[in-house]
Amino acid sequence: MQLIDKLSILADAAKYDVSCASSGAPRRGSKGQSGIGSAGPGICHSFTPDGRCVSLLKILLTNFCLYDCQYCVNRRSSDVPRARFSPEEVVALTLDLYRRNCVSGLFLSSGIIRSADYTMEQLVEVARLLREVHEFRGYIHLKTIPDADPALIEQAGQYADRLSVNIELPSDTSLVRLAPEKTVAGIQRAMGTIRYRQQAVEGEARAPAFAPAGQSTQMIVGADDSDDHRILHTSQSLYRRFRLKRVYYSAFSPIPHSPATVPQAAPPLLREHRLYQADFLMRGYGFRAEELLGKPGNLALDIDPKLAWALEHREQFPVDLNRAEPSLIARVPGIGVLSAQRIEQLRRQRKIRYEDLRRLRCALDKAGPFIVTADYRPRQDSSESLRLRQQLAERPAQQMALW
Amino acid sequence: MRCVRVDGGFADWRDKARTLLHEGVPPALVSWRDELMPADLFAEEALARYAPGSQVTVPRQVLELLERAARFRVAERWALLYRILWRVALGDAAAALPGDPDGSELHLRIKAVGREIHQLHALLRFVPLGGAGLPDYVAWFEPEHEVLDVACGHFAERMGRHSWLIATSRDGVWYDGERFDYRAEAPDEWQTLARTPDPEGQALWLAYYRSTFNPTRVNPQALRQHLPQRLWQQVPEGRLIPALLVQARMGAQRDGQAPEVSVRPGKRIRLRQQD
Chain Y
1 MQLIDKLSIL ADAAKYDVSC ASSGAPRRGS KGQSGIGSAG PGICHSFTPD GRCVSLLKIL
61 LTNFCLYDCQ YCVNRRSSDV PRARFSPEEV VALTLDLYRR NCVSGLFLSS GIIRSADYTM
121 EQLVEVARLL REVHEFRGYI HLKTIPDADP ALIEQAGQYA DRLSVNIELP SDTSLVRLAP
181 EKTVAGIQRA MGTIRYRQQA VEGEARAPAF APAGQSTQMI VGADDSDDHR ILHTSQSLYR
241 RFRLKRVYYS AFSPIPHSPA TVPQAAPPLL REHRLYQADF LMRGYGFRAE ELLGKPGNLA
301 LDIDPKLAWA LEHREQFPVD LNRAEPSLIA RVPGIGVLSA QRIEQLRRQR KIRYEDLRRL
361 RCALDKAGPF IVTADYRPRQ DSSESLRLRQ QLAERPAQQM ALW
Chain W
1 MRCVRVDGGF ADWRDKARTL LHEGVPPALV SWRDELMPAD LFAEEALARY APGSQVTVPR
61 QVLELLERAA RFRVAERWAL LYRILWRVAL GDAAAALPGD PDGSELHLRI KAVGREIHQL
121 HALLRFVPLG GAGLPDYVAW FEPEHEVLDV ACGHFAERMG RHSWLIATSR DGVWYDGERF
181 DYRAEAPDEW QTLARTPDPE GQALWLAYYR STFNPTRVNP QALRQHLPQR LWQQVPEGRL
241 IPALLVQARM GAQRDGQAPE VSVRPGKRIR LRQQD
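The listed protein sequences derive, respectively, from chains Y and W.
Residues 1 to 403 in the UniProt record's numbering are what the first sequence lists, from first letter to last.
Residues 1 to 275 in the UniProt record's numbering are what the second sequence lists, from first letter to last.
Just so you know, the hints here were simulated from the structure itself, not pulled from any lab data.
Values in this document were obtained by computation on a predicted structure and should not be read as measured data.
Cβ coordinates follow ideal geometry from the N, Cα and C atoms, glycine included.
One should not assume that every hint holds.
Stated by the list, open to error - Straight line, CA to CA, 27 Å or less: simulated DSS-like cross-link-like pairs of lysine-lysine: (1) W:Lys267 / Y:Lys366; (2) Y:Lys245 / Y:Lys182; (3) W:Lys267 / Y:Lys351; (4) W:Lys111 / Y:Lys182; (5) Y:Lys245 / Y:Lys295.
As the list claims (entries may be wrong) - Covered stretches of chain Y (chain W as the covering partner; in silico rule of three or more C-beta atoms under 8 Å from a C-beta of chain W): (6) 30-38; (7) 78-84; (8) 117-124; (9) 255-261; (10) 338-352.
Could you put together the complete structure from these sequences and hints?
Spelled out as structure tokens, the structure:
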């Protein structure tokens, strides 16, 4: 089989893993040195027609797989074309596309062949060749095979910027049902191994770096009946226990020759979007999962989670932008962390007025009912949350109409 | 009304702005001209260069912001900068902050310049060339604003000791593995070299692009937001986009597999009997 055919198959097989970040690695470069590659802020080299960024060469080493995870296009009972790269082929492809400035690095994963250990060894070998033989300083993200020997995970972390182990599904019972060969214990053990190695080098300036861009995971949304409440709490506990950099949410998208155990419906893209927004509020704004969703159920689709929280907590509003703490200003719908900082900066010079917010490009239709400035008090201050919500709700996504 | 021409970029403007500031000419009485505006030779004055020793001081950070914003190509670019300089020199520090009417325009320009630098880092595509006296890699790029000279250092970090040439319709830079040769006006032969076509070398990248797209998630609005249509011609994969959009709408949305892959014969895997 030609290299280009393998690439078509193994990129198609890898695209259901949504992570494509190339940021978070320590800044490094090759100026005046042998070898090639740099790392720093992430770069999106292209966007596919789904609006998602292409930053890394994201492929599987092989899509032959002994496992039978029902949600996965590469499960052993799936009737898909199969292919396998040699480690050298992956290295050559990565370097070629890197030099052409098409990608900023490699995100390599694999189906399970022979054993977890054998598969992990192959992934590590690719990273080793890139780093040691070709002195490649670009970004490397390796998928970690749960149940692989911790010694292999340790090696992987010495070469890779990021490691990830997929939690796959939000609940243990779903994992048992849909991914019979995987175990929650195995997945968490791998996450724990990575966390443990990271802790070992934290604060040790001279210790060799271990996965410096951190670890991440992916959760599939909509393949089982877990609600957003469960999903957000699972994420929160993963962030706390393993200090994950990111939890990625992947709206389950129908696969060819779909088994009856998983839905054959359009991917719930808007739900995925709301989960990302809620996740961002947990990571960047100090919101807790229980604040965003106090009881079982899903996030609202018609309004964003920050607005939903504000409508539930009218007693904290309106916020006076000339007096309030920046952290509270950042909790106002339509005003982000950066705008909150800028407001704080500007009010040291003079009073904040309504027009200033327009120039800072705050979303005033959202922020309006929740703020006070030197020349403005909200008219809707006394109006009911329910009516406000109707005014501020977004129109349903156009995506739905396509089916 | 003073009519002043800027033809040497930011450094030239800064000299002339200092002179005017020193003479106490308010922004409303200055008409700035540059190559983006029709010449008005009769009205333009040859301004004496600034005589050092004046008391006017402006924080260095503000000058850095102005330098950045001066890279934004627009016919009226110097007037805003002088107005901000004038206000800051008179003690109005808010003039350079994002919430101020002038400051917000300044920061819009700075943001656009930053985005353009990022686009150049992201969307430029190198073509391998090599050979005696030729750079190892060449690329042609058309940035909307004047960013090549500040953006090109990134590629020296990225490409190690490889030599490369980048040309635009205005300027160009040749890096020989050790030193940058930047020219505000790129020589014709640079521009020709930079536009070397590479149809075959792109095949792998295009195959990758087609396969990594999931048609069930097609979202033209998000695509245009991140990759505006004017940039589609900048990158080789841009010409695939219209067909991929149509395909996705015509029913490829039922599952995520790329058509190139689904036409191939599949293979189920049987487990070996355990001994």
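Verification of the supplied hints:
no. : hint                : in the structure
1   : W:Lys267 / Y:Lys366 : 52 Å, violated
2   : Y:Lys245 / Y:Lys182 : 23 Å, holds
3   : W:Lys267 / Y:Lys351 : 69 Å, violated
4   : W:Lys111 / Y:Lys182 : 47 Å, violated
5   : Y:Lys245 / Y:Lys295 : 26 Å, holds
6   : 30-38               : holds (count 9)
7   : 78-84               : holds (count 5)
8   : 117-124             : violated (count 0)
9   : 255-261             : holds (count 4)
10  : 338-352             : holds (count 7)
The structure does not agree with the numbered hints 1, 3, 4 and 8 stated previously, though it agrees with the rest.
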